[in-house]
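Quick note, the sequences are listed as chains S and D, same order. With positions in the first sequence counted from 1, the corresponding number in this note's numbering is that position plus 673. With positions in the second sequence counted from 1, the corresponding number in this note's numbering is that position plus 673.
FYI, nobody ran anything at the bench for these hints, they're computed from the structure. Any given hint could be a false lead.
Copies of one chain are not kept apart here, so a pair can be met inside one copy or by any two copies together.
Simulated pairs of lysine-lysine, BS3-like, Cα-Cα distance not exceeding 27 Å [claimed, not checked]: (1) LYS732 with LYS684; (2) LYS756 with LYS684; (3) LYS756 with LYS687; (4) LYS732 with LYS687.
Number of protein chains: 2
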Amino acid sequence: MDYHPINIQEKLTKFREYWSPRVIAQMNDYQFKLVKVKDEFVWHNHPDTDEVFIVIEGKLNIEFRDGVVTLSSGEMFVVPKGKEHKPFANEECTLMLVEPCGVVNTGDKEGKLTAQNDLWV
Amino acid sequence: MDYHPINIQEKLTKFREYWSPRVIAQMNDYQFKLVKVKDEFVWHNHPDTDEVFIVIEGKLNIEFRDGVVTLSSGEMFVVPKGKEHKPFANEECTLMLVEPCGVVNTGDKEGKLTAQNDLWV
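Work out the full structure, taking the sequences as your base and the hints as a guide.
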């Protein structure tokens, strides 16, 4: 049988929209998503799950009510379940997110930045 | 509060042993592990879970009974639950594994390559 690797850089060429996660792999009931971000997202939290951010390229800030973490390429962070956070990036940044199937990007704060879920690329 | 990123390259400097996964992060009941590999592992499967391989540096082959997949840096693969596989690398290769807490590296084939579980670095 033919088996093919999932190539992260090749998947990144397939979309341009900011804040619109694209699923590239699923493991059990968890998904690996790529997302391109720039400027500010909205304050939100995910009441039922932790969320993993891994920076592929660029710099991502994740603001919390009591501090901020800055991630560069090759760095990751686990935002705990229920913790309010607001990602922002001064320049374009590409990330991998890992989270359960069905998690909505804006968590408890549906609005104009809420993206379609389960979009594969 | 002070928040600190998890830096993958810095974590990789903290151990040298082959085939001995080190946990660097936990999300819900899943763990992110770094592992350095070289030469052949054993045929095994994980009867209860899929397993994600992401190559950080080097080249990893994952052999199946009916084929093989070769992953380079920046490539990933999801080995399905219950699928027999044997990883091997001709030269040293560093990977990130993502799998549920408690998964043993040799799956159903305990032996001399079975590593201690839940070793954090």
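Status of each hint after checking the structure:
For the homomeric pair LYS732 and LYS684, the shortest alpha-carbon distances inside one copy (19 Å) and between copies (19 Å) are both at most 27 Å. In the homo-oligomer, the alpha carbons of LYS756 and LYS684 lie at most 27 Å apart only across protomers (25 Å), although the nearest pairing inside one protomer, at 30 Å, exceeds that limit. Neither within a single protomer nor between protomers do LYS756 and LYS687 lie at most 27 Å apart by alpha-carbon distance, with minima of 31 Å and 30 Å respectively. In this assembly of identical chains, LYS732 and LYS687 lie within 27 Å of each other by CA distance both inside one copy and across copies; the values are 21 Å within and 24 Å between.
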